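There are 2 protein chains.
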Amino acid sequence: MARTRPLKVALLGCGVVGSQVARLMTTHAGDLAARIGAPVELAGIAVRRPGKVRDEVPPGLVTTDAAGLVARGDIDVVLELIGGIEPARTLINSAFEHGASVVTANKALLAQDGPALYAAAEKHAADLYFEASVAGAIPLLRPLRESLAGDKVNRVLGIVNGTTNFILDRMESTGASYGEALAEASALGYAEADPTADVEGFDAAAKAAILAGIAFHTRVGLDDVHREGITEITAADVASARQMGCTVKLLAICERAEDGRSVTARVHPAMIPDRHPLAGVREAYNAVFVEAEAAGRLMFYGPGAGGVPTASAVLGDLVAACRNKLGGGVGPGESAYARLPVSPMGEVVTRYHISLDVADKPGVLAQCAMVFADHGVSIDTVRQTGKDGEAKLVVVTHRASDAALGATVESLRRLDTVHGVASTMRVEGE
Amino acid sequence: MARTRPLKVALLGCGVVGSQVARLMTTHAGDLAARIGAPVELAGIAVRRPGKVRDEVPPGLVTTDAAGLVARGDIDVVLELIGGIEPARTLINSAFEHGASVVTANKALLAQDGPALYAAAEKHAADLYFEASVAGAIPLLRPLRESLAGDKVNRVLGIVNGTTNFILDRMESTGASYGEALAEASALGYAEADPTADVEGFDAAAKAAILAGIAFHTRVGLDDVHREGITEITAADVASARQMGCTVKLLAICERAEDGRSVTARVHPAMIPDRHPLAGVREAYNAVFVEAEAAGRLMFYGPGAGGVPTASAVLGDLVAACRNKLGGGVGPGESAYARLPVSPMGEVVTRYHISLDVADKPGVLAQCAMVFADHGVSIDTVRQTGKDGEAKLVVVTHRASDAALGATVESLRRLDTVHGVASTMRVEGE
Numbered sequence: 089m090a091r092t093r094p095l096k097v098a099l100l101g102c103g104v105v106g107s108q109v110a111r112l113m114t115t116h117a118g119d120l121a122a123r124i125g126a127p128v129e130l131a132g133i134a135v136r137r138p139g140k141v142r143d144e145v146p147p148g149l150v151t152t153d154a155a156g157l158v159a160r161g162d163i164d165v166v167l168e169l170i171g172g173i174e175p176a177r178t179l180i181n182s183a184f185e186h187g188a189s190v191v192t193a194n195k196a197l198l199a200q201d202g203p204a205l206y207a208a209a210e211k212h213a214a215d216l217y218f219e220a221s222v223a224g225a226i227p228l229l230r231p232l233r234e235s236l237a238g239d240k241v242n243r244v245l246g247i248v249n250g251t252t253n254f255i256l257d258r259m260e261s262t263g264a265s266y267g268e269a270l271a272e273a274s275a276l277g278y279a280e281a282d283p284t285a286d287v288e289g290f291d292a293a294a295k296a297a298i299l300a301g302i303a304f305h306t307r308v309g310l311d312d313v314h315r316e317g318i319t320e321i322t323a324a325d326v327a328s329a330r331q332m333g334c335t336v337k338l339l340a341i342c343e344r345a346e347d348g349r350s351v352t353a354r355v356h357p358a359m360i361p362d363r364h365p366l367a368g369v370r371e372a373y374n375a376v377f378v379e380a381e382a383a384g385r386l387m388f389y390g391p392g393a394g395g396v397p398t399a400s401a402v403l404g405d406l407v408a409a410c411r412n413k414l415g416g417g418v419g420p421g422e423s424a425y426a427r428l429p430v431s432p433m434g435e436v437v438t439r440y441h442i443s444l445d446v447a448d449k450p451g452v453l454a455q456c457a458m459v460f461a462d463h464g465v466s467i468d469t470v471r472q473t474g475k476d477g478e479a480k481l482v483v484v485t486h487r488a489s490d491a492a493l494g495a496t497v498e499s500l501r502r503l504d505t506v507h508g509v510a511s512t513m514r515v516e517g518e
Numbered sequence: 089m090a091r092t093r094p095l096k097v098a099l100l101g102c103g104v105v106g107s108q109v110a111r112l113m114t115t116h117a118g119d120l121a122a123r124i125g126a127p128v129e130l131a132g133i134a135v136r137r138p139g140k141v142r143d144e145v146p147p148g149l150v151t152t153d154a155a156g157l158v159a160r161g162d163i164d165v166v167l168e169l170i171g172g173i174e175p176a177r178t179l180i181n182s183a184f185e186h187g188a189s190v191v192t193a194n195k196a197l198l199a200q201d202g203p204a205l206y207a208a209a210e211k212h213a214a215d216l217y218f219e220a221s222v223a224g225a226i227p228l229l230r231p232l233r234e235s236l237a238g239d240k241v242n243r244v245l246g247i248v249n250g251t252t253n254f255i256l257d258r259m260e261s262t263g264a265s266y267g268e269a270l271a272e273a274s275a276l277g278y279a280e281a282d283p284t285a286d287v288e289g290f291d292a293a294a295k296a297a298i299l300a301g302i303a304f305h306t307r308v309g310l311d312d313v314h315r316e317g318i319t320e321i322t323a324a325d326v327a328s329a330r331q332m333g334c335t336v337k338l339l340a341i342c343e344r345a346e347d348g349r350s351v352t353a354r355v356h357p358a359m360i361p362d363r364h365p366l367a368g369v370r371e372a373y374n375a376v377f378v379e380a381e382a383a384g385r386l387m388f389y390g391p392g393a394g395g396v397p398t399a400s401a402v403l404g405d406l407v408a409a410c411r412n413k414l415g416g417g418v419g420p421g422e423s424a425y426a427r428l429p430v431s432p433m434g435e436v437v438t439r440y441h442i443s444l445d446v447a448d449k450p451g452v453l454a455q456c457a458m459v460f461a462d463h464g465v466s467i468d469t470v471r472q473t474g475k476d477g478e479a480k481l482v483v484v485t486h487r488a489s490d491a492a493l494g495a496t497v498e499s500l501r502r503l504d505t506v507h508g509v510a511s512t513m514r515v516e517g518e
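Protein sequences appear in the order of chains A and B. First residue of the first sequence? That's 89 in our numbering, and the numbers climb one at a time after it. First residue of the second sequence? That's 89 in our numbering, and the numbers climb one at a time after it.
Bear in mind the hints are in silico, worked out from the structure with no lab data behind them. Model, not experiment: these values are computed from the prediction. For glycine and all other residues, C-beta sits at the position ideal for the given N, C-alpha and C. Among these hints, one or two may not hold up.
Label-pair restraints from in silico Cβ distances [what the hints assert, rightly or not]:
#1 R136/B to R427/A: 17 to 25 Å
#2 A122/B to E371/A: 52 to 60 Å
#3 R330/A to I173/B: 22 to 30 Å
#4 P203/B to E210/A: 45 to 53 Å
#5 I173/B to S274/A: 53 to 61 Å
#6 S274/A to G333/B: 48 to 56 Å
#7 Q455/B to E379/A: 53 to 61 Å
#8 V104/A to R136/B: 56 to 64 Å
#9 E379/A to R136/B: 32 to 40 Å
#10 R487/B to A155/A: 52 to 60 Å
Cβ-to-Cβ under 8 Å is the rule here; a few derived chain A residues that face chain B [said to hold, decoys possible]:
#11 H116
#12 R123
#13 F388
#14 V407
#15 D490
#16 A492
#17 V497
#18 R501
In silico negatives: residues of chain A with every beta carbon more than 12 Å from chain B [as the list claims (entries may be wrong)]:
#19 A155
#20 G172
#21 A207
#22 A271
#23 L276
#24 A382
#25 G394
#26 S400
#27 N412
For reference, chain A alone in the conformation it holds in the complex (with noise of 0.2 Å):
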C-alpha cells in the first residue's frame, strides 16, 4: 500500500458537523495518514455561504461549486454533510459516477432514497458509508453490520434523538411539564427553533428505518415506520411511570415478528422498567439495545449529536473508505436479501398502560374489564384511586396486538361511566 500521492477529500457543507472534520482532519493529519497507510489531504469545501465559513476552514479550500467539486474527477472520498433531500442526492450520485466514495450523515436521505443509494455506489464500485446518520458518534451501524453479520437480530431499541431523551429526562428528574423542559432544552441548546423533526419523531423515524434495514437485512422505508412524538406527554404520564418502576423514553424499536416471517419498525414513547440497561440513559446521551439470537442482549452507549461527536464518525468511515480505495476492496453493500415485510403498526404485539378518568361508584371497573375481555385483551394489573366522587383506574394488560389495544381503548371510550382516558402508552423492554 506505499503511496506518495495523497488521497484527495471533497467536503459538502460546513456547518456543525463539517467545519469540525476540517478541523481534525487538519489536527489529526498524521494519524489519519498512519491509519489509512496514505496521506489524506483536504481538496476542496463547497459551502452555500463562504462568508460564513467559520474559523476552522481552510480559506482557500472554499467554493460555492459543489457540483463542479464533485466532478473534479480527482477526488477520492466526498463527504456530503448538506443535509436534506436536494442538492445532497445529485451530488451524491455524481460523487460516484466520478468514482468517488461518499460518506454521509444524511438519515433523512438514506431513510427516503438508501436502495437507489446502496445501487448507484455497487453499480461504481463505490463505498457508502454512513455511520454518523444514526446515534451520532456511537459506533453502531459498523457493529451492527460486520460484528453481527454471523447473527440474527431479534430487536432492537433504540434512544436515538437526544432532544427528546433530554425533555423527558428533565420531565422526569424535576417533574416539570413537557413545555417547560422543551424551554429548557431550547434555552441550552439541545432544541432547535422549530423543534417539530425532533419532538414529532420525524428525526427517530428515518433512523428507525435505516436501523430496521440494516438488522434484518430489509428494505425499510420511512412510510413502513409508525411515528408518534412526546407533545402529548404530561408531568402525569411520567408521575404514573415512576409509581411503576418505570421510566418514560421515545424509543425506536425494530421488531422481527415472533414466528420470523414479518418486520415492524415504530417510534414512540415508551415505559421502560427502570431496571433496563436503557432506562439509565439520561440527558441528551444516545443508546442503542439490540437483541440478538446468538450475542443475547447488546448495549451501545454514547453522545448521539453535536458536531465534534459527529465528526468522529465521519472520519472513521474516511478512513475505512480511503483503506478501501488503497487496498482495491470494497466495504459492506446493501444487503436485502432477505425481503421479510414490513407489518402495520396493527400488528406489533406489545404491552399498554391505560389512565382512565372514571365516574367513582360500584361496578365501574367490572364494566371496564369486560371491555378489555371481549378485545381479548388480557389484564396484568389494575391500580384504582378516587376522591371527590371522581376515580382514577390505572390498567397495564398482558402483551396483546396493538389493533387490539387500540379497538379496546375506542371502546372504553364510549362508556358513559368512563369520563376520559387520560393517557395511554406501550410498556417495552421487558
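Following the hints, complete the assembly by docking chain B onto the known chain A.
Chain B alone, transformed into the frame defined by chain A:
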C-alpha cells in the same frame, strides 16, 4: 463476487465455543451465504478427544489431526478455538503459510505474541481477526479499530471478566464475603474449578494488553500490564464503597498520560461512583467504557463470555474474513505506528481510598495527615469513626501518582498509632 465453489472453513477446537460455532454454521448457512456472497462450508473439525464431541457436530468432519487439516491447502479460513499458547500458535502460523485467514478467540496468545502473528498475517496477505478474545459477544475491537479510526482514544475502562464481576456484584447485593460469593459463582458455573486466572486478574490483564495496543496504536505486552486480583476484597471494603456512593469493580484501565506522550495499562479492583455507567453493570455482564477526544464517552455492553455469545463474535469475524477473500481486500492489520512508551504503575495518576485502624486518642488524625502531606498527597475527605479504644480513619485522596500513594501507605504502616491498614483501593471513573 459470483462464485459457486464454497469457501472452506477449518474449525480447531470443539468445546464450549467451537461446538456452538459448528451448530450456528449449519443452522444459519443460508444467511451466512447471503451475507458473504458465497456459501461457506465446514471442511473439518480438529479435536483432541473425538469421543467427547457434542451432538451438534457433524461426526464425519471430526479429526484429531489439526496440523493436517490446516495444511490441506484448500482451507480459506481457520477458526482457532483451542486456546493457550501451543499448539495454537503453530497451527495459526501454518494456516497463514497455507493461504488461510485466521479467526481466533485466543487472548493469551494474542497478548503474548500479537506482533508476530500480525507479521505472519501481513506476510501472507491474510486476515487475523480476534473480536471474540475480548468481552465475548460485545462488538468492541472492530469499533475501536475501525469506527474510531479517525479519533484519538484517551482512556478505556473495562469490566472484561464476567466471573469477577459476578462475585463483586453478589458481595455488593447480598453482603456476602469473597469466599461465599466465589462459592456461589462456582455453583452457578460462572467460576471454573481453578478460578485463579479470573480472580487474580490474569484473564483481564491479557485483555487489557490487547485493548491498549489497539486503542493507542502501540505494542503493549502482558508484562506491561500491572495486575491485582479481587481475592483480598472484603465485605467491609464493599460496604465502605457503598457509604461513599461507590461500587467496587475489577477494571482493566488503559490510559494515555495527560501529556499524551506515554500510556499505561493496569488491572485492579477500584471504586467507581454509582452514577458512572459502568457501576450499573451487574452479574456476569461485561462493559467497556471508552473516552475518545472527539466521540466523547462511549460504552459497549453485553455478555462477556459463554459459548453461544462468543460464537456470535467468531462468526462475525468469519463473515468479514470470507468477504475479504472474495473481494480481494484485507482487513486492518497491526497498527503500532504511535510507538508510545508504556509507563510503569508508579507513574499512574489516580485517587486512593485508604481505611486505617488507628489508636483512639487525640492527635492521630493530625499525625496521619502529616504523612500524606510529606509525600505530597493531598487529602480530599477524611471520615473518623471509633468505639472501645479502637478507631477507624477513612481517607480519600485527591489525584496523585501511584508511587506517592504507595509510599504514603508504607509510611502510615510504620506509625505506632496506626494498628493496621485495613484496605487501600483506587477510585476511578470520576
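**Message:** Are any of the numbered hints broken by this structure? If so, which, sorted upward?
**Reply:** Hints 1, 2, 3, 4, 6, 15, 16, 17, 18, 24, 25, 26 and 27 not satisfied by this model.
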